[in-house]
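With chain A held as given, fit chain B onto it using these hints.
2 protein chains.
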Amino acid sequence: MRIRLDIAYDGTHFRGWARQPGLRTVQETLEAAIGRVLGGETRLVVAGRTDAGVHATGQVAHVDLDDAQRARLLAGRSRGTAGEAADPVAALAARLTGVVGAYSDVVVTRSAAAAPGFDARFSAVWRRYEYRIADSVAGYDPLERHRTTSVRARLDAATMDAAARSLIGLHDFAAYCKPREEATTIRTLLEFDWHRDAHGVLVANVKADAFCHSMVRALVGACVAVGEGRLDLEDIVEIRDARERVPEVKVLAARGLTLTEVGYPADDLLDQRAEQTRARRALP
Amino acid sequence: MRIRLDIAYDGTHFRGWARQPGLRTVQETLEAAIGRVLGGETRLVVAGRTDAGVHATGQVAHVDLDDAQRARLLAGRSRGTAGEAADPVAALAARLTGVVGAYSDVVVTRSAAAAPGFDARFSAVWRRYEYRIADSVAGYDPLERHRTTSVRARLDAATMDAAARSLIGLHDFAAYCKPREEATTIRTLLEFDWHRDAHGVLVANVKADAFCHSMVRALVGACVAVGEGRLDLEDIVEIRDARERVPEVKVLAARGLTLTEVGYPADDLLDQRAEQTRARRALP
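Chains as they are written, first to last, in the numbering used here: chain A, 5 to 288; chain B, 5 to 288.
Isolated chain A, as found in the complex:
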């Protein structure tokens, strides 16, 4: 029995998503919570393996329950919020929140039976991230400081937006990734744009089929270099096409980055999608 979990976390005090011996991670915290509620051992599979300090409001994972866990799930009543759904699968989210606490830095916001063929990682069609930068004291909101990077230079939002849009498409993003052995750096960047919110904070919207390591933070770093006037608009496409990392492009701090949404195909297309994802990406 496979369960889909929607998850939100403040990454500040986590060493990222993925289990690491002796370190506090989101995966380890949630697997322990599931163990407390349903017993046994579980292993979460996640859509986006976020780095240390990165946040999520729309993370998605799945977990496969064994028969004993399934029996406990169906027998259990919500010990969480009164008035939550009577469906025991839907009530799991509130039970897990009861274990970690309503004011915890990680919360399961929704639990549901996964559709046949659903895989949180391999079914995902796209991931969306947000990156927030305050570039004036007027935008320094202490209540948002956990998820906002502040910079001293005043940035040119219009130029940064143009720079972002110029990078969109199917490309080799090796210049904007930390390389990993044997892993392709070819990705389809679907959306990339900047705007200022009502408080003047610069917000990047970044959406791709998938991201390689540090890719969002390098892409926003490239735009900041343009916004500060250290790089020209054309430079960042040239850097991309040279496929080599350059020192002008800084990987920005994790604190500004939040995984906000993961896209999946309609239920009847799930199997097909997982096959496509497992095939290696290539440029045409």
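No wet-lab data here; the hints were simulated from the structure. None of these values were measured; they are calculated from a predicted model.
Away from chain B, derived, C-beta distances all over 10 Å, residues of chain A:
hint : residue
1    : G43
2    : T46
3    : D55
4    : H66
5    : R125
6    : R169
7    : R184
8    : G225
9    : P251
10   : D272
11   : L287
To be clear about the criterion: a stretch of chain A counts as covered by chain B if any three or more of its residues have a C-beta under 8 Å from a C-beta of chain B, and this derived list gives those stretches:
hint : segment
12   : 9-23
13   : 95-101
14   : 105-113
15   : 146-160
Glycine included, each C-beta is placed from N, C-alpha and C at the ideal position.
Frame of chain A; chain B shown alone:
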């Protein structure tokens, strides 16, 4: 020379606005920062003396500088954000932020010369607060946990909104205040309503000429009692008009409360307003 300061803070780790011996307060933290930048002793006068744990995005204070401080202010250059205004008064906000740190839990977002007759406390025409409640796990956002109260019961937002609106007007709010010797509890509640935001979080908008002690937290507590079905809609007006505190109305937690805005009259009406405020409020 009088300076107006606009201030934002995460109240979680402060014992409120007002100085208290040996405790960390917003007033003490900012007065110390001003001392480090301009020397001397200063005393801030504030629009809303928030309690321990209460936040602000739109707090307003003023400070009167002596001649030595004024000379230091005008001589100083911004050591803060590059590209901030060259005006030394406007640059004070960035200099103070340089002292407390860009990721501090308190920030001065704006500094400006006060108009003649301006008094942060006595010129204020109204104060606006926001109160946030998550009543389902779907609304538990760890990135917003510092400023959101969570409750276990699912609340009826439409009834709470009706309850809130029924309290608006010039009334004696003794039933919804912690009494203080010799202080009137007559206030004009100008706006009070509830809505759910995009994430399903219940948000109260509360605006009054001024608030007595614990008034916002008691008013939202009364609405929650209605939203849970513990009180009827008519009860809360009856409670108000009986002018006696009742145990059914809980004073909700500080963490959900944020001072968002303070209203002032146009500059040429400032003197007149301060006089009106100093006169004792009375029911007609």
